[in-house]
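2 protein chains.
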Amino acid sequence: MDLLVVGSVAFDDIQTPFGQAKRALGGSASYFSLAASFFARPSLVAVVGDDFTQTNLRVLLAHGVDVSGLQRAKGKTFAWGGKYSFDLNNRQTLFTRLGVFENFSPKLPRTHKSANYLFLGNIHPRLQLDVLHQMTKPKLVGLDTMNFWMDNAPRELKIVLKLVDLFVINDGEARQFTKQHNLVKAARQILGLMGHKKRTQPTLIVKQGEYGLLMFRQNQTFHLPGFPIEDVIDPTGAGDSFAGGLMGYLAKTNDHGWENLKRACVAGSALASFCVEKLGTQRLQQIKPTHIKRRLADFKRLTHFEA
Amino acid sequence: MDLLVVGSVAFDDIQTPFGQAKRALGGSASYFSLAASFFARPSLVAVVGDDFTQTNLRVLLAHGVDVSGLQRAKGKTFAWGGKYSFDLNNRQTLFTRLGVFENFSPKLPRTHKSANYLFLGNIHPRLQLDVLHQMTKPKLVGLDTMNFWMDNAPRELKIVLKLVDLFVINDGEARQFTKQHNLVKAARQILGLMGHKKRTQPTLIVKQGEYGLLMFRQNQTFHLPGFPIEDVIDPTGAGDSFAGGLMGYLAKTNDHGWENLKRACVAGSALASFCVEKLGTQRLQQIKPTHIKRRLADFKRLTHFEA
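If you read the protein sequences in the order shown, they are chains A and B. Start counting the first sequence at 8; every next residue gets the next number (the working numbering). Start counting the second sequence at 8; every next residue gets the next number (the working numbering).
It cannot be assumed that every hint is accurate.
For identical chains, the list gives no copy identity; a pair is met inside one copy or between any two copies.
[As the list claims (entries may be wrong)] Cut-off 25 Å, straight-line C-alpha distance, at most; resulting in silico cross-link-like pairs (SDA-like, lysine to any residue): (1) K307 to E217; (2) K192 to E237; (3) K192 to E217; (4) K192 to I299; (5) K269 to L309; (6) K285 to R182; (7) K192 to R79; (8) K295 to H131; (9) K300 to F312; (10) K307 to P116.
Everything labelled a hint here was simulated from the structure, so no lab data went into it.
With the rest of the complex left out, here is chain A (with noise of 0.2 Å):
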């Protein structure tokens, strides 16, 4: 197995000034896998109910995604609901209903443990280390989290960083956990919590929204535009998309050096490009790889010079 995602799948509902959408497939695995799939063949281990049906699984499946190791609980599938300002900058949550998800435990499938690239969503990072001890040897681990758990499980998410080898961020969360409001300088104090010894070099991921992002590895700094969209319908799931983007590439070419890490980020930044265009997984359920293609030259030609 090439490449295992361990996140959420949820129904969202989604108010944006454009539109909205009810009990639409989401979660950070559904939108990470459908992005992956473009690359790699990932397979996701999350929790959802017995409100969950074959219907909403096709879509996973139609993209290729491995669900055996989608774990079925009795109760409701998380439910989230939020609304954008009509700028689509700030986002209020309507309600969250954690359902079956409160008490998820990932069990990985024995077929799971071996797998090269591991990604491990946004959950307690208990939960993450717990995945982290389940597997045998993994060539690449890549980690998300958010503000809360910084707050609220602070030793964990460092125990979790010294095992992880590619971190991605926001940038206002680097600066909260760091305490340090120059990107720069919060990279550097981040990188130097991370690496698990005996694989790659750690890599650090800031992402600045609209901004696109930087990555850091020791001595190396690498910056990416976001893609300039004139219709962003919908920004749900972006974060999460840049990732499945980016963790397929690098499970399709294998190739873990500074070069590839950044055509790794232009492929996740892609999808996420996508990903905002319509309502919910609506547009990463109908892109081509053409379109994927078209969209990676034109981000050569939004960035590239010649000095």
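Assemble chain B onto chain A, guided by the hints.
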């Protein structure tokens, strides 16, 4: 004459968390000229009072700035005081004493009227128009402005826009000016208002602070990040240094093609990134061509990837 800038020369009182300066040489035309001097021999047109000394002038002269168009008037030189927040993201204006700048009426010496490259610093659009009417046949005209003029002289500003080729504006100002949140749409709208028919294709540069810039021409977009600086000391003058580097590079190369405009943006951003490393114009006074060369190479490393 190659490059002319019309703007302000001022005394700045600057307070930052990292130090302070009193009566330091400031103003848009000062920063612009110092930055431009690394590529061209800029001439400035501005006004100072009788408190402006030979020592102040020497900073400009040392960089080969032509000050023959610097008007002297009875009274005090424009003085400004500002204080930055701990993270440098907010600036509080402590005082603004216009002094002789209040009655500034730019008079171009005969030699200045034939300049090939003209940059209209942030002054009343009526004065900008007045300068434009004094010019014989500039090859390229750049423009800066601010939200104050958008609100208080929108009619005159729109007339100026029709006569310029290169407009440099902040993202917040672009949104305010067009009442359009999406930057791509805002840019299209502004480009539609611009451009002297007989000269080059209209170009819009939207500055995004620490995030860098987006440059737009019809059907073309370019993004350049801000250079990640670990120790930002003082953001004063960064925008004017950018404009100076940009216009200086264009005046030197005399090429308004898209590829060269990108290079000009890199040159401008390099100068802006130096500017913020020390208080006031201190860093601009120290740097050498080799520093600039190195930073241009660093910009390439920061942004380029192999597809």
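Results of checking the hints against the structure:
In this assembly of identical chains, the alpha carbons of K307 and E217 lie at most 25 Å apart whether taken from the same copy (17 Å) or from different copies (21 Å). Taking identical chains as interchangeable, the C-alpha atoms of K192 and E237 lie at most 25 Å apart only when they sit on different chains, with a minimum of 6 Å there against 33 Å within one chain. Within a single copy, K192 and E217 get their C-alpha atoms as close as 22 Å, and across copies as close as 15 Å, so both meet the 25 Å cut-off. Proximity of K192 and I299 under a CA criterion of 25 Å is satisfied inter-copy only: 23 Å between copies versus 34 Å inside one chain copy.
Taking the closest pair of Cα atoms, K269 and L309 come within 25 Å of each other both inside a single copy (15 Å) and across two copies (10 Å). Taking the shortest alpha-carbon separations for K285 and R182, only the inter-copy value of 23 Å comes in at or below 25 Å, while the best intra-copy value is 31 Å. In this assembly of identical chains, K192 and R79 lie within 25 Å of each other by CA distance neither inside one copy nor across copies; the values are 43 Å within and 45 Å between. Proximity of K295 and H131 under a CA criterion of 25 Å is satisfied in neither setting, with 34 Å inside one chain copy and 51 Å between copies.
Taking the shortest alpha-carbon separations for K300 and F312, both the intra-copy value of 20 Å and the inter-copy value of 15 Å come in at or below 25 Å. Taking CA atoms no more than 25 Å apart as the test, K307 paired with P116 passes in neither setting, with 40 Å inside one copy and 45 Å between copies.
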